[in-house]
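J.: Spelled out from the first residue to the last, the chains are:
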Amino acid sequence: MSTLVTNTITGLSTAANITIGSTPVVSASANSLTIRGEGSNQTSIQQGLCKCWIHLTGSGTPAAADSFNVASVTDTGTGRYTINIATDFGNANYTCAGMSGNDGTTTGDRGQVIDLTPTAGAFALRNIDTDSTNPVDDTNILLNFHGDLA
Amino acid sequence: MSTIKVDTLQTRSGSTSAVTGAGSLKVDNLRGNTAAASITLGDGSNTLGALSTAGGVTITGEGGTVTTNLQQGLAKHWCSLNGTSTVAIRDSFNTASLVDSGTGTYSITSSNAFATAGDQCVTAAIVANKMQIDSAPSATVTTVVSKNASNSNTDSAYVSISCTGDLA
Chain A
1 MSTLVTNTIT GLSTAANITI GSTPVVSASA NSLTIRGEGS NQTSIQQGLC
51 KCWIHLTGSG TPAAADSFNV ASVTDTGTGR YTINIATDFG NANYTCAGMS
101 GNDGTTTGDR GQVIDLTPTA GAFALRNIDT DSTNPVDDTN ILLNFHGDLA
Chain B
1 MSTIKVDTLQ TRSGSTSAVT GAGSLKVDNL RGNTAAASIT LGDGSNTLGA
51 LSTAGGVTIT GEGGTVTTNL QQGLAKHWCS LNGTSTVAIR DSFNTASLVD
101 SGTGTYSITS SNAFATAGDQ CVTAAIVANK MQIDSAPSAT VTTVVSKNAS
151 NSNTDSAYVS ISCTGDLA
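As they're listed, the protein sequences go chains A and B. Just so we're aligned, residue 1 is where the first sequence starts under the numbering used here, counting upward by one. Just so we're aligned, residue 1 is where the second sequence starts under the numbering used here, counting upward by one.
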């Protein structure tokens, strides 16, 4: 085992470029580290990371079965939840995608709707039956968020 | 144990300092010593592996027992848009353009293409009622449509898509 102890690693030929194994990694600007993808294109590591996700148990007392970067969940009514984000986004322009249902007993179709104007630190969700448009509690509500952190 | 203490270490040509007294290392290529394709970071808790496989860098997962692929796990394309009136991108990553393709219908083009048309996994939400894929995705264009409760196309103020898959 060889161990290298250092604080900063910089490219020798080009300061921003380091190849790890056979994979180029480029740190060309602050807070943006790119890595070569599956083919020949580079992709941003920070921009590609999911910054927040939750598997929400939305029935009974709503709670996160598991989550990442979620501070708390607020029950705001039937089928209505506010996801409070621990480390805020830099703005309210992040994306959210999700799906929901029960454990094999879901009747009707489901949709997830923005309930209130999003903020950098909180996302209000309305989980609905798309046939009736009524908010519904579901056992499984899955959400993931992408965007820029503060 | 042998220790070499040095303020500056130069390449064989003698023209470039590879190690400086400030604790910085200049290097073009990092490889594992015991195994070329594996490097352990920090206090030894995290290992980058499969470094000899293009597009397949692995990193230790949260549980510490299995690894996950770094590149495959990244979202390659996402877009948050306002789909009412004149459609506009709120924020995005790897997005070249947004086209209003009709009521509730939006075509989002990625800058860097996916390797295979339709191979990307697309998730889309959070709108008036429900979102659907409107037409077969190409390697660069994803077209989604927002529907209301009557299953009619409807414009939505908040539309999100995120795509994972293999880049070209």
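Mixed in with the good hints, there may be bad ones.
The calculated label-pair distances, taken between Cβ atoms and stated as ranges, are [claimed, not checked]:
id, chain 1, residue 1, chain 2, residue 2, range
1, B, Thr53, A, Val5, 25 to 35 Å
2, B, Gln132, A, Asn102, 18 to 28 Å
3, B, Thr53, A, Thr14, 18 to 28 Å
4, A, Thr76, B, Val99, 27 to 37 Å
Derived coverage of chain B by chain A (criterion: at least 3 residues anywhere in the stretch with Cβ under 8 Å from a Cβ of chain A; other residues may be distant) [unchecked claim]:
id, segment
5, 33-40
6, 57-71
7, 76-89
8, 99-105
9, 160-168
I should point out that these hints are in silico values taken from the structure, not numbers from a laboratory. Everything numeric in this text was worked out from a predicted model, so none of it was measured. Every residue gets a Cβ at the ideal spot worked out from N, C-alpha and C, and that includes glycine.
J.: What hints, given by number in increasing order, does this structure fail?
T.: 8
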